[in-house]
Structures are given as structure tokens and as C-alpha cells.
Amino acid sequence: MIGIGAQHMLSGDHAMPDRTTTLGRLEEVVSTVEDFDRVVLQALPILLDRAAGYTKRFLRETGQWSDDVAHEKFVLRWGAEYLEQFLVSGRSEVPCRPLFLLDSIVAKQHSRPEPFCYHSDLLTPLGRFLDGLVGRAAISRDALIALYHHCYGLGPGQIITVLGLNGSESPRIYKNFQRWRDSGWKRTIEDMGITETELHGLNEQQHRQRQRFNGEAERILRFAQAHYRKSEPDHYPCLSRHQWEDMFQQGYGIEYRIWHLALCLDCLHTAWDVGFGGASAIEKPRVTLQMQP
Amino acid sequence: MGPEQDLVEYRERLLNSMKAGVRRSTCGASDAIQVFVNQRRVGLLAGAGAEAALQVQTDARIENVQLRSEDGVLLGGLSAPEYGFRTTRISLLRDTMELRVQNYAQGGSVSAVFIPAPSLWHRARRALAGVADAAVPRPATGVAPGMRIVAFTQVLLAVALVGLVTDRTTGWMTPVRSPLPVTQTEAPWAAPLAEVTKLEQQLVDLSRMQAKAVDTIQAQQQGMAQLQRTMVKLLSTQETVASSVLTVKQEMEQRRKGATRDADHLTRVIMSKAHSAQEQLEAEIHSLTVANDQLARERAQLEQSNQELKKRLKSTGMEVSKAPVPDREKPLVAQQSEPASPPQMAEARPVPQQPPFLFWVTFSDGTSQDSIDRWVHDMHGRKGALSEGWQAVEIGPPTEPMDRFLDQIKQTKIVKAVRVSR
Ligand SMILES: [Zn+2]
Ligand SMILES: [Zn+2]
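The listed protein sequences derive, respectively, from chains R and A. Letter by letter, the first sequence follows residues 14 to 306 in my numbering. Letter by letter, the second sequence follows residues -11 to 410 in my numbering.
Looking at chain R on its own, in the form it has when it is part of the complex (with noise of 0.2 Å):
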């Protein structure tokens, strides 16, 4: 077990002799845009361990806490998530104090119902892998439409024909992908702290037992859906088979059929039985994770 704690990265940092000056800033009412952008940009060092630290208080007292590099990475990626919605918001509480108003940006995260997406099984590389990308999916459209590929191994074309899109908005589904291509991927990667050397960790593991590494994704991944579906709310009930049906046929719903589809692997099923059952020009989608874009 290695423990690294905010304070042990800090003195690494020589940042020591500036901090308590910095900190005292921070406490100050900023009055402008200007001076709140200036004051937190040369303390974000600071307040990047403080919302970590906050959220690791916050795992220890839910009893989810322990002391490894997985769960470090976690409290560091969500105070990054706090820091970056406190960068932006934070503009339009000026005046006020940015040391506070990031407490309590960070409290309120907090007292939410299931504030992050929680599990021993997400903390193991897999699990960071896959959660990553389901994440990213509730915020990025690239990801999202990147999750057909990731999970079952569509192509764009493929994606098309599965979701019944129409001309238009074909050309938007290459650029996601072309996006993500290019750059989406690496930053999710780099985002969630999964190294090199644990890409092709996961690449062995599914080369030497393929179904029971795709059976343990399947596992995980239907666990990280469920939780990020629930990121837009509009798109997030699962329809009967008749609903699917009727959308289909009817040809509406595109929105709701590339959120919803790429975030549930039972109604993935009933949508391509609905459009592919008898002819099968595509195969029934089944969770072969792809760790490369």
C-alpha cells in the first residue's frame, strides 16, 4: 500500500514557502472576473488538493476509501471535475471568496444522491477503462457515438445502419469518430491516469481468456450505463419492444435512439432485433471490448 497524500505532493512541489500567502489571497473577496480568473489560475496546485482532499474525506467516511494509487487517481480526477465546474462558475459568483465558494461547490457535489460512479470493481484497470469511457459518453458526444465501437466493435457505417440514422446525420457520426480519432481518445485515456503499460495489460488479458475478459466487461460495463444513463434524464427510460418498434418504423426519436442505445446493452438487443431479427446483415451486437480507438 502506498499512501501519498496531498501534503507529501505539495512539499514536492516546493511550493511550501508561497502556499500560506496564496491561501490568504484565496480568502480574500475577489471583486472582478479579472482578479478571480488571475487569483485561482496561480493557486490551482491548491485547490486541486483541496477538492481531492475533500472528496478522499468523503470516501473515508462513506467507509469506501483505501489506501492505493487506483483510489489517489479517483480523488484526483473528481477534484479536477470540481476544480474545472468552479473555474466557469465560480466567474459568475463574483465578488465572493474562491477558497468558499470552491468549499462549497465541492459540498454541494457531495450531498447529491450517488455523486460519482462508485465501485471496487471500477477501480481496477478494466473497470477505469470502462468507466472512463461511459463517463466521457455523458459529457462527449464523440465518446458517446465511440462507445458503439469500443464496446461492440461497430464502425461508423455499422452504427448508422443499427440505429436507423438517416442521410444527414450520417456526416456527424464520421466527424465523431474522426474526432475521437484524433485526439478524444488519448485525452480520456491520460484523463482517467491509465498508463501505457496498463493498455497492454489489457490487451493480454483478452488475448489469453477473450470470452472471460468480454463476460467480466459486460459485467462492468452494464454497472457504468447504468449509472451515466441517468446523465439526461430525457433520453433515459428503456422502451418496450413496441416503442422501439414504432420509433423504428416511424423514423423518429434519432436523438433518443443514439443516447439511449449506446448507454444500454438490453435495449441495444431489442432495437436490433426490431430492425435486424430476420435479416442478418449486421450480427447481434455483443460486448467485445476494443481498447484501441
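Keep in mind the hints are simulated off the structure, nothing from the lab.
Stretch-level coverage of chain R by chain A, calculated; a stretch enters the list once three of its residues show a Cβ under 8 Å from a Cβ in chain A:
| # | stretch |
| --- | --- |
| 1 | 56 to 70 |
| 2 | 100 to 113 |
| 3 | 144 to 155 |
In this text, a Cβ means the ideal position worked out from N, Cα and C, and glycines have one as well.
Since the structure of chain R is already known, use the hints to place chain A with the ligands on it.
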């Protein structure tokens, strides 16, 4: 690389990407912008230099609004005030997005208006050439009101009645909504089961339609009131603009020889302030008007289908009371008369609002809970109460005729018996 080093690098990486901020996005100016309310994605604003707006109403209090590019980068945002409204302008790659968030005693609303930048301003500036120095950079002011109004007629508006939709979607899952008790007393005992079920279904439909109509009417009334208030505000701002321009002009006359520059500057400052306030109001009025039109249409539709439903209900009721023969060959009306829902608004809100269908089953001996759950899930249903061995199951309404549906259920391996009323 040791784990400690790995962690330090990870932290560095997060800090760097935060410093890069908006620049991390690889999306172009023509790509759509995603709008998030309380970290839930509620809509999409098409870019492509077109003017666009999004209006969202929620049941819950709004905490924050965020804009993200299609590749997920946080472009800007706004935290909502406890009560009242707050606005901000967020500059995107080329254009500007105006966000307005408001919290009421119950729920809140967000409007996001996409303002494509240059061309309009350029034209406007030319109109102003007489007053201001042509070499001065933005912002242009004093556009004839008609001109901006023309610009705003191009606004596309997506009305997201999130409140209504979520109310329905959670509502139909709640087992508390019992079939109306009226049926038991009013329907003659002799009436065939299928007829009673149908009647029950129609009554549920009717009450649902009425509830929805009331909601819509209320929303419309609120919208009207807000529209009026905004109008008043707009008028008063226009007066302020007019009077400040007048004073500034007089002042300019006086100082013509000396400090023209100062006066110019002053004019610009005053006018740009007043102008942005006024423009904001106009945008608001426009979106309110459009939203109102939409509501009015919806309401008309609802009322019409309500009437229709009532008529059908009446006739079915009569038929049931007359019905001497069991099992008449008539199609089930209720499920086909699902009106006013998706197709038109489908693209944005396709959540079907059909009422649930409730039935009771008993299972063959030794059926495991697991296989029951799986069976319920396969129908995308939900389990209700269990009483005297009968398990209530709620599902989306079946479209096949009742008899065939029941047959199908009966043929399920694990099902011993099925019935549709208590
Ligand atoms: Zn589903
Ligand atoms: Zn399901």
C-alpha cells in the same frame, strides 16, 4: 515508473489540462454546443453560425448551467442564484452564447441564446456612422429597433417541457395510481371482462389527458404573465436609452470643440449598456412568444383529444351497459387514441406517455425469484404489490388485442394464471 511517480505525473497532467481550459476543445465553430443543467444534458444548440435558442424548464431548483463542446470540454457556465435570475455571456470560438437562468419558488428555467457575432454588428455600425467614429472597434449601438427584431425572427426555438415530461415518466412508474374505483360501481356486473378493462383504460386516459391539459394551461398563463412583465421592462429601457442618448448629444454639442472623443466614449458606454439590456429583453420576449405559441398549439391539441376521448368514453360506456353478448368484435379504442404525444415533438422528447397497463399473475410452483425478475424485465415491466399469491405487474400498454395478449402471457412457461382485474 513507480506508482508514486505515476501519481505525480497524473496530477501534473490534470493541472495542465485545466490551464489549457477551453483551448483543449478540438471542435470547430460550426459544431453544436451541448447544454447541461445540474450536470444533466438537456439539449443541443446547433452552431453553424445560425441563430438558435434553447428554453428549458425544470421542476427542480437549478444549481448550475454548463456549456460543453461535442468533445466534452467545458466551455463556460453559470451558477444559478437562489432566487431570481442571472445572465451571462460566454464567448465561444467565434460567436457568443447568452445564458439566462432563473429560479422560482418551485423549479427554474434556463434560456440559452446563440448569438452569431460579426455581420449584424458591422451593418449596425454603419448605421451609426454619423455619431461615432468609424474607426472605433465594437460594440455597435443605436440600431433601429426594427432591425434587431428582424434578426430575432430567425431565431429557432426548441421548447423543452422537461417538467411535463419528467412528471409523466415518473408518474407512470408509480404503482400508487390505481385504476379508477368508479369502474367497479358503474360498470354493470354482467359486462364482459374485456369491456370493463377497456373502460377502465379509457378513464385512466381521460384523467391523464385532463391533468396534462391543466398543466399546459398553467404553464401558458405563467408564460403570458412573464411576457407582459418583460414587455414593460423593455419599454422602460427604451425610454432610458432615448433619454440618455439625448443628454449625451446635448453634451456633445457643448463640447464639440474640445473633448469630442470623451463624448464619443461616453455615448458608446451608455449605449452599449442600455443596448445589451434591451437586446437581452428582446431575446427573452421572442423566446417567450415562441414558447407561448407552442403551448397554445399543444393546449388546443390536448383539448381536442380530450373531447374526442370523452365522446368515445361516453359511447363505450353506453355500449358496456347495453352489452348483453360477451366478447364483441370491436377494436380496443383506448390504446389507439393516444393523441398529442410524440411524433410532432418526437425529435426532442420522444418519451412515450402512454399509461401503464396493470395485470396480475401467479407463477408455477418452484419458479425462482430470479426468473420472475428476468421475465418482468424482458417485458420492460415493473413488479407491483404481491397479494394472496397474485403478483401485480405493470407494463407499457400492449398493442395487440387483449385476448391475444393474455394468451401470450398464459403461454409463458413460468406463468400459472393471469387476470387483468383484482
Ligand atoms: Zn434501455
Ligand atoms: Zn431494460
